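S.K.: Sequence:
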Amino acid sequence: MDFELLLAPAAILISAFGAWYFAQKAIHNAQDISRKKNTFDYLSKLSWDRDYIQAKNVFLEIKIGPKKLRAVAEEYERLKSNGHGHNAPDDDETARKTIVEHAAIKNILNEYEALAIAIKSATLDEQIVRENIQQQFVDHVDACKDFIEHTRRTSGFRRPERIWCEVQLLAEKWRL
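Numbering-wise, the sequence shown is residues 196 to 371 according to our numbering.
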């Protein structure tokens, strides 16, 4: 058997495998760089987003104040059952404040849910996010536990356990 005849096809196969391997490594590296850039862009955008900052300030006022987050959910539910879920009567400042507070808490949780899903799907780099906001994230999600449970219980959704479930899973993972 003439080994010289087999040497050329073997060299071609080895070259093709090498090219494929290095192309895969280059693609993976480009994806990693893109994920890290997306993460920095997201965190930068979030730190300057006026709506998020406003919602976070309202959220923090409630969190550190005497009012409990669950009380906001209960007051909002009462307003909703009286037909004032999104619009408060013009003369009822307390109702208007409750609606703003409820919306702020939901905005924070929805932002965190989007963040958790982006991390789970590897759109954002978990390590970078974790290094930047781990303690805040876990603290905020823990503070919202009763709010989340009340919202699930009163939501009327077919599968209420899925409301903000990714947030709680990520907080649990980061807590360890």
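For the record, the hints were derived by calculation from the structure and aren't laboratory data.
Check the hints yourself; a few may be wrong.
[Said to hold, decoys possible] Just the calculated beta-carbon pair ranges, DEER-fashion:
1) Arg325 x Arg353: 31 to 37 Å
2) Asp246 x His223: 33 to 39 Å
3) Ser276 x Ser229: 43 to 49 Å
4) Asn233 x Phe198: 29 to 35 Å
5) Thr349 x Leu255: 21 to 27 Å
6) Arg357 x Asn277: 40 to 46 Å
7) Ser239 x Arg357: 41 to 47 Å
8) Asp197 x Asp227: 43 to 49 Å
9) Ser239 x Ser350: 44 to 50 Å
10) Asn277 x Pro355: 30 to 36 Å
11) Ser229 x Ala266: 39 to 45 Å
12) Trp243 x Glu326: 17 to 23 Å
13) Ser350 x Gly213: 52 to 58 Å
[To be verified] Think about it this way: if two alpha-carbon atoms lie no more than 27 Å apart in a straight line, the pair counts; the simulated DSSO-like pairs of lysine-lysine are:
14) Lys292 x Lys340
15) Lys340 x Lys251
16) Lys263 x Lys315
17) Lys340 x Lys275
18) Lys231 x Lys220
19) Lys340 x Lys231
20) Lys263 x Lys251
21) Lys220 x Lys301
22) Lys220 x Lys340
23) Lys275 x Lys231
24) Lys315 x Lys368
25) Lys258 x Lys232
26) Lys315 x Lys231
27) Lys240 x Lys258
28) Lys251 x Lys220
29) Lys240 x Lys301
30) Lys263 x Lys232
31) Lys262 x Lys340
32) Lys232 x Lys340
33) Lys275 x Lys263
Note that the structure is predicted; figures quoted are calculated from it, not measured.
Beta carbons are placed, not taken as given, at the ideal position from N, Cα and C, and that holds for glycine.
S.K.: Could you check the structure against the hints above and give me the numbers of any it violates, in ascending order?
M.R.: 4, 6, 7, 9, 10, 16, 19, 21, 22, 23, 25, 28, 30 and 32
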